[in-house]
Every structure is written in C-alpha cells, then in structure tokens.
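Asker: In case you want the letters, here they are:
2 protein chains.
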Amino acid sequence: MTDNQTRLGVVLFPGFALLDVAGPMQFFNQLSAIKPFELSIIAKTMDAVYTTPPKNTVPESKFDRIGEAMLPTHTFDNAPEFDILLIPGGLGMRDETISNDVTSFVKKQYPTVKYLLSVCTGSLMVAAAGVLDGRKATSNKFAWSQTTVHKTVDWIPKARWVVDGNIWSSSGVAAGMDMTYAFIATIFSPDIAKELTNKMEYEPHTNSEWDPFYEIWNLPPK
Amino acid sequence: MTDNQTRLGVVLFPGFALLDVAGPMQFFNQLSAIKPFELSIIAKTMDAVYTTPPKNTVPESKFDRIGEAMLPTHTFDNAPEFDILLIPGGLGMRDETISNDVTSFVKKQYPTVKYLLSVCTGSLMVAAAGVLDGRKATSNKFAWSQTTVHKTVDWIPKARWVVDGNIWSSSGVAAGMDMTYAFIATIFSPDIAKELTNKMEYEPHTNSEWDPFYEIWNLPPK
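In order, the protein sequence lines correspond to chains A and B.
For the record, in the first sequence the residue sitting at position 179 is 178 according to numbering that gives the first Met the number 0, with numbers rising by one throughout.
For the record, in the second sequence the residue sitting at position 141 is 140 according to numbering that gives the first Met the number 0, with numbers rising by one throughout.
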C-alpha cells in the first residue's frame, strides 16, 4: 500500500463528532503530500453533513448546540471500494435510521476493504454490521454501556485502541489520533508517523493500553 | 460571559489546517450543550472552503493532496461582532491575497472582540494586523522563521501557548487543543474544561511552557 495509491473513505452522518473525523484526517491530509491518496467522504446524500446532533438524539436543552458542516463527495449508494474505511462516532447515531444506514454501508464495504478503522462510538455500528463477531474491539468510555451492547464482540474496556485482524477500533474522540499514529506507523512507517506528529506538534500516546478514562468513567473490569 | 450567549467566530480560508479549527471546535461544540453559544464560520465568500492548499502555496509534488470542505455561515463583509474570534493557520496563507484578507478581517474585528485566539501559523496574520505589537505571542515551531517575521512582536519560541492581554496564541496545529482547554478553564471554569476533556478522552498539556517541539525543530533561544 505504500507505493500504490491508497483509497481512503470516511463516513459522515448527522451528529458525527468533529474530532473523530478531523483528528485522523489531519494525519492523512499531511501524509498525502508524500504518499498518493484518493479520498472519498461518504454520506447518505450529497448534502452538507452537520456535526449538530438531530433533536431526537439528545436530551432537551435550554441551548441549541453549535456545529460545523462538511461536504461529502459520494453517497452510500455510489461510493467506490476502499483500502481504508474510517467510521467516526457521535451523538447522531442514537437515531436508528442514521445508525442503520452506516451499519449497512459497513456490511457492504467490509468484504473489499484492506483496513476498517472506527473511532469512539463508531465501533457500535461496526459491531452491528457483524464484522467484529468473535473479535476484540474498544469504544468510547463515557458511553461504554450503550456502545458495547453486541455481546458477540470481545470488548476491551481498558485500551486506547485495539487491533484485531484488519479492524482497528479506538476509544473516545481524541483516541482516534493515537490509533491513527499507530496505524500509520504500522502500515507506512514509524519514521513517517513521527514526522507527521512532529509537524502537527502532537505527542501521541504510543501504548495502546494507556487509558486513564477507564478509571475516570468507572468501567467494569473485563 | 458565562451566563450570556457567547458569540464565537471562526475564520476559514483555502488551505486552512483542519485540526487548527476542529481541535478547538470539538471543545466548543461540546461546551454549547451546557453554555449558550452562537457560532459564525467566516470566509471570503459563502462557498465551501477546502483544507487543500492552493497550488501556488506548496512545492510541486507528484501527488495531489487530499482535503475536506467546510461550509461558512458568513463572509468577511457581513460577519457580526464576536466575543471570541479564532484564527487558524495552514499552508494556504502563503498566498498573499488569502493572508491579506484574513489580516484585514482581524484588524476590523479586533476592537470589538473580547478574546482573540490564534492557532499555529494563524498568529502571523494576527501579527500582520498590528494587534500583537509590543505583546508576547507564539506560533508554529516547524515554520517558525517564516511566521515570526513581524519583529514588533515579542515571539516566545518555547511555549505551548502564550497569553498577552486578550490575545491567546498557540503553537502548531494540535497545540490549539491545549490552548482551548486552558482558555475554557480560565474563562468558564476548570471543572467544565476537565469535564469536556474527560468526555473527549483527551489528556491536555496544562503547562503552557511544555514544548518538546522547540527542541525537535532546533529553534533559536529567545
């Protein structure tokens, strides 16, 4: 994959967590200056996708949450095949239609991807697609009980990220950056990964078992 | 500012660094669930703004860089006044027209903002607006010599972020997240800032003088 063009796909859905996408993408954006990449941003339609969670997915509040909009390049129906497919999490997936759409897309794409990456609660939709059955994975620690409902998966509560076969899953939001660092170090090279983080002035956690949020959110032992 | 609505503005320009915007915005998006915010995303026109740097701002390469597009809500001409204005950096500001447009906007807005925040090379445009004259600031460490050309500013080479008066400036890309943590801890509350990072599973650097990238990029002593 280091010489040929890497076909990278990123899924968006209403109420995705901005950093779940932008953390990993800052790495891949920079990497694309020295390695050939082709990026597809996939959503249900070609309309702009907002990070703002749909009203039915969050408790009623005095305040309207702010958010940003990103543009897709493909829809779930016309997306090509990918070497790497990234599934973010976010509050919007509490909407069953949204969640089911992403799950169906994962199910359709998984047989042809080289690597499937999930960030945060995105692993719930990967699990729902059945592709984590009998495998290890992790997820968001604050939302642990809601995101680890598929008991066919061997959920690892104390982990910054987990790799099993060709599926990489990270813990919540910012953990996606550490997973991406490790992924690029493994798939491309450690030197390239280090060069990227030195330029973005990010000091990654390189131990996949580093996880203070396991204690902070009082997770049950495995 | 903790009880009234906070009017937050974020500038986009072609070739902005995604994480310069998305790092701080992940904090503010989450914060807006518990504190009232009004967000404006400002660019030259209402067209989508791509992170991909314009061709004239990067060395010729075998590869086309990949990037994402975000949507503005206002233009430089019709933007309202702000309590907090965030200026990201990115390769696109090497284009003089792009850089001058942002600089003019900073100059116009500064008299009415409560706080001006810059991430990464964004501080070059803040400096060009003249509002850092005689003040301390920092910037991206890899691009230090190009971004600290305004010698009327007291540039601090070893710093994760710097505060002088109502201007906060961070070091490169990921440093914007640590600055935002400190900013929210100062302006809202330390407990709120901690709650946000616990939920995003981010362990911030809380010492503004922590800066391994000062050594990594061989910066001159002050």
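Simulated from the structure, these hints should not be mistaken for laboratory data.
These numbers come from a predicted model, not from an experiment.
It is possible that part of the hints are untrue.
Note: identical chains are not told apart, hence a pair may lie in one copy or across any two.
Straight-line C-alpha distance at most 25 angstroms; calculated SDA-like pairs for lysine to any residue [as the list claims (entries may be wrong)]:
no., residue 1, residue 2
1, Lys61, Ile33
2, Lys43, Thr72
3, Lys157, Asp94
4, Lys107, His204
5, Lys135, Ile215
6, Lys61, Glu194
7, Lys113, Asp63
8, Lys54, Ile186
9, Lys113, His149
10, Lys34, Gly66
11, Lys34, Asp132
12, Lys157, Asn197
13, Lys150, Ile191
14, Lys113, Pro219
15, Lys150, Thr205
16, Lys106, Lys150
17, Lys54, Asn197
18, Lys221, Gly66
19, Lys43, Leu70
20, Lys157, Thr205
21, Lys61, Asn206
22, Lys221, Pro156
23, Lys34, Phe187
24, Lys61, Lys193
25, Lys113, Lys221
26, Lys43, Gly66
27, Lys54, Pro110
28, Lys113, Asn197
Asker: Does each hint hold? Answer for all of them.
Answerer: Hints and how they fare:
Proximity of lysine 61 and isoleucine 33 under a CA criterion of 25 angstroms is satisfied inter-copy only: 8 angstroms between copies versus 47 angstroms inside one chain copy. Both within a single protomer and between protomers do lysine 43 and threonine 72 lie at most 25 angstroms apart by alpha-carbon distance, with minima of 11 angstroms and 22 angstroms respectively. Taking the shortest alpha-carbon separations for lysine 157 and aspartate 94, neither the intra-copy value of 27 angstroms nor the inter-copy value of 46 angstroms comes in at or below 25 angstroms. In this assembly of identical chains, lysine 107 and histidine 204 lie within 25 angstroms of each other by CA distance neither inside one copy nor across copies; the values are 33 angstroms within and 41 angstroms between.
In the homo-oligomer, the alpha carbons of lysine 135 and isoleucine 215 lie at most 25 angstroms apart inside one protomer (22 angstroms), although the nearest pairing across protomers, at 36 angstroms, exceeds that limit. In this assembly of identical chains, the alpha carbons of lysine 61 and glutamate 194 lie at most 25 angstroms apart only when taken from different copies (19 angstroms versus 44 angstroms within one copy). For the homomeric pair lysine 113 and aspartate 63, the shortest alpha-carbon distance between copies (22 angstroms) is at most 25 angstroms, but the shortest distance inside one copy (40 angstroms) is not. Taking the shortest Cα distances, lysine 54 and isoleucine 186 never come within 25 angstroms of each other, neither inside one copy (39 angstroms) nor across copies (28 angstroms).
In this homomeric assembly, lysine 113 and histidine 149 come within 25 angstroms of each other (Cα to Cα) only inside a single copy, at 23 angstroms, whereas the closest approach across copies is 48 angstroms. Proximity of lysine 34 and glycine 66 under a CA criterion of 25 angstroms is satisfied inter-copy only: 14 angstroms between copies versus 31 angstroms inside one chain copy. Taking the shortest alpha-carbon separations for lysine 34 and aspartate 132, neither the intra-copy value of 33 angstroms nor the inter-copy value of 40 angstroms comes in at or below 25 angstroms. Proximity of lysine 157 to asparagine 197 under the C-alpha cut-off of 25 angstroms is restricted to the inter-copy arrangement: shortest distance 15 angstroms between copies versus 27 angstroms within a copy.
Neither within a single protomer nor between protomers do lysine 150 and isoleucine 191 lie at most 25 angstroms apart by alpha-carbon distance, with minima of 37 angstroms and 34 angstroms respectively. Taking CA atoms no more than 25 angstroms apart as the test, lysine 113 paired with proline 219 passes in neither setting, with 33 angstroms inside one copy and 44 angstroms between copies. For the homomeric pair lysine 150 and threonine 205, neither the shortest alpha-carbon distance inside one copy (28 angstroms) nor that between copies (38 angstroms) is at most 25 angstroms. Taking the shortest Cα distances, lysine 106 and lysine 150 sit within 25 angstroms of each other inside one copy (18 angstroms), while across copies they are farther apart (57 angstroms).
Taking the shortest alpha-carbon separations for lysine 54 and asparagine 197, only the inter-copy value of 24 angstroms comes in at or below 25 angstroms, while the best intra-copy value is 39 angstroms. When the C-alpha separation of lysine 221 and glycine 66 is checked against a cutoff of 25 angstroms, the pair qualifies neither within a copy, at 35 angstroms, nor between copies, at 39 angstroms. In this homomeric assembly, lysine 43 and leucine 70 come within 25 angstroms of each other (Cα to Cα) both inside a single copy, at 11 angstroms, and across copies, at 18 angstroms. Both within a single protomer and between protomers do lysine 157 and threonine 205 lie at most 25 angstroms apart by alpha-carbon distance, with minima of 15 angstroms and 24 angstroms respectively.
For the identical chains of this complex, lysine 61 and asparagine 206 are neighbours neither inside a copy (40 angstroms) nor across copies (34 angstroms), given an alpha-carbon limit of 25 angstroms. Taking the closest pair of Cα atoms, lysine 221 and proline 156 come within 25 angstroms of each other only inside a single copy of the chain (6 angstroms); across copies the shortest separation is 45 angstroms, beyond that limit. Taking CA atoms no more than 25 angstroms apart as the test, lysine 34 paired with phenylalanine 187 passes inside one copy only; the shortest distance there is 9 angstroms, against 42 angstroms between copies. In this homomeric assembly, lysine 61 and lysine 193 come within 25 angstroms of each other (Cα to Cα) only across copies, at 22 angstroms, whereas the closest approach inside a single copy is 44 angstroms.
Proximity of lysine 113 and lysine 221 under a CA criterion of 25 angstroms is satisfied in neither setting, with 29 angstroms inside one chain copy and 48 angstroms between copies. Within a single copy, lysine 43 and glycine 66 get their C-alpha atoms as close as 19 angstroms, and across copies as close as 20 angstroms, so both meet the 25 angstroms cut-off. For the identical chains of this complex, lysine 54 and proline 110 are neighbours neither inside a copy (34 angstroms) nor across copies (37 angstroms), given an alpha-carbon limit of 25 angstroms. For a Cα distance limit of 25 angstroms, the shortest separation of lysine 113 from asparagine 197 qualifies neither inside one copy, at 27 angstroms, nor across copies, at 32 angstroms.
Hints 3, 4, 8, 11, 13, 14, 15, 18, 21, 25, 27 and 28 from the list above are not met by this structure, while the remaining hints are.
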